[in-house]
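Read top to bottom, the protein sequences are chains B and D.
Under this note's numbering, residues 3 to 288 are what the first sequence spells out, in order.
Under this note's numbering, residues 112 to 435 are what the second sequence spells out, in order.
Calculated directly from the structure, the hints in this document are not laboratory data.
None of the values given here were measured: they were computed from a predicted structure.
There's no promise every hint is true.
To be verified - Reference excerpt, derived from the structure (chain B facing chain D, CB under 7 Å, subset only): (1) S94; (2) G101; (3) F105; (4) I113; (5) F224; (6) L256; (7) S257; (8) E263; (9) V264; (10) L266; (11) L270; (12) V272; (13) I274; (14) A277.
In this text, a Cβ means the ideal position worked out from N, Cα and C, and glycines have one as well.
Chain by chain, the residues run as shown.
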Amino acid sequence: MSAFLQYLITGLGVGCAFALIGSGLVVIYRVTRVVNFAQGAFAVIAAMTVSSLLGARVPHGLAEALAVALAGLVGLLVGLTAIGKPGTSPQSALIVTLGVAVFAYAVEILIWGDQPRSFPGLPASVTVLGARVQSHYLLIIAASALVFLAMALLFARTDLGKALTASAANPYAARIVGIDVRRMGLLSFVIGGALGGLAGVLVTPVQQVTFDGDVVLVVSGFAAAILGDLTRPAATLLGGLLLGVAQAMVAGYLSTSYQSEVALLLMLVVLIAQAARRPMIQEETA
Amino acid sequence: MTTPRPGTVLTAAATLALPLALRDDHLTLYVLLGLAAMVTIGLSMLMGYAGQVSLGQASFYALGGYAAGLIGVHGGPTLLGLLAAPAVAAAVALVVGVPILRLRGHQLAFATLALQLILLSLLGDATWAGGAIGLQGIPHLSIAGVELDRDIDYAYLTWAGVAVTMVVAHNVMSSRTGRGLRALATSETAAAASGVPVGRYRLLVFAVSAAFAGLAGGVYAFYVGYLAPGSFPVLLSVQFVVMAVVGGLGTIWGGLFGAAAVTLLVQLLTDFGTRPGMPSYAPSVLSYAVYAVLLVLVVLFLPHGLVPALRKWWPWHRPVRTRR
């Protein structure tokens, strides 16, 4: 029983990180209809930055905050590249973000080298109902809960959130009522960057990060977000938690070598099941 | 049947003459370039006509390689291995294509990426395929008792493969099926309304592009003699996308030209990066940067790719060939 609880909390913690990556994808997709392939790079860059800052004796807390801010800035740069040029279709923008993700490899190796990096998180471990868990997992869960609450409030209650959603739902109408669609798009990339960065900062103390670890992160985030059709943060959180717990259970009870396959298969099944409910021929929007 | 165009004749002549003039290390590059071209021509068809980004094309390259390699390692006839490579890749494409091709756009892109990650992970665990260490000691290809053991043999074999790929691609595209596909690329609804079996044609292109990649993988296995999951990283799939996009999607020459341009540029920079005095990370940094910058610049500023852009200046340009 205590083993089960340990896997559960570990899974929830990792799942929160997937959900944060996925929520970054959701924010950007909701506003721009662009699937941001560089989402995993935000996490990697933020994590590497924290490891450097801590090495330079910047205190914990400040280092993490600076790294998340940097990830937001990187998000802005990615946004400018992907949607800055007028007339770039979301499909082209996906390929652009793929290019940017590869470009990030070059920058990361140049600055941090190609070895995996990590840094310490919350040191102690706590006992929850007889199961010993690293307390850092609880920190991840608490931080994610706050972020998702804030996101729900942003999109449901504020004018800014409504303006963000309107930009994608009907860009033309949004422009007529005075919403700067381009600025909303760039803002979504900044938020997405910060969310990705936060995920990287939170998860690195329990999982090492390498420069090309972004592929697994972005695929896991996508898998989480696809449950809500890339538009619903709440479903993304649920998707991330399911994914994280499923992985932890498979790793705990079966074998660690199958955990990534489980996530990927889960994503494929959901995708195909969703597609099966749609007609084979789709309406063209153009 | 039209008369061969001057460009085709020039390319064929250059292809046949080049191996005789090349040094050994350049010959290796020439073989790898041809293999990349085979995969890219297929991917260019898939992306240009079925309108789908595949981020997992290297999985079919790997499947072909492993099919050929396993037959070779177990003492089977190597020619059978070479034939099995495209067949296995196409068969797998047909099986996974049925559910997968219901997906569109970014969903298909991620699904193909997921399939490649699953394949790599399965290959890494499969002891019968050598696991993470890989498949070693794959024999050279022998055709009718003649063993192909020199680089120049593989250069001719590869470019014969490229020729086959181009002819098949050309015939698929100019057949009735190809016209249906072109209609499909322009407007799916209109194509379906005119009786084009959308799903079946999409599956066909997927399988053909997989067969091209599988054939390239088979030649690669016999040429290099060693395969591991690490030989087929996700970045290889990205590389094929870069080549296809740079050359120009939906054109056969675009596949060839894109593969050549990217391979040569990356090789040039790798040579530069491995000069004495350069830091050890220079080659990988340079190649990542080249892939990235090419991809972004071409998508943003030359959305149809290099070949359609260059065609305007081509002396034998025929403006009548309508594309989408």
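Identify every previously stated hint that the structure contradicts and give their numbers, smallest first.
Hints 4, 6, 7, 9, 12 are the ones this structure does not satisfy, whereas the remaining hints hold.
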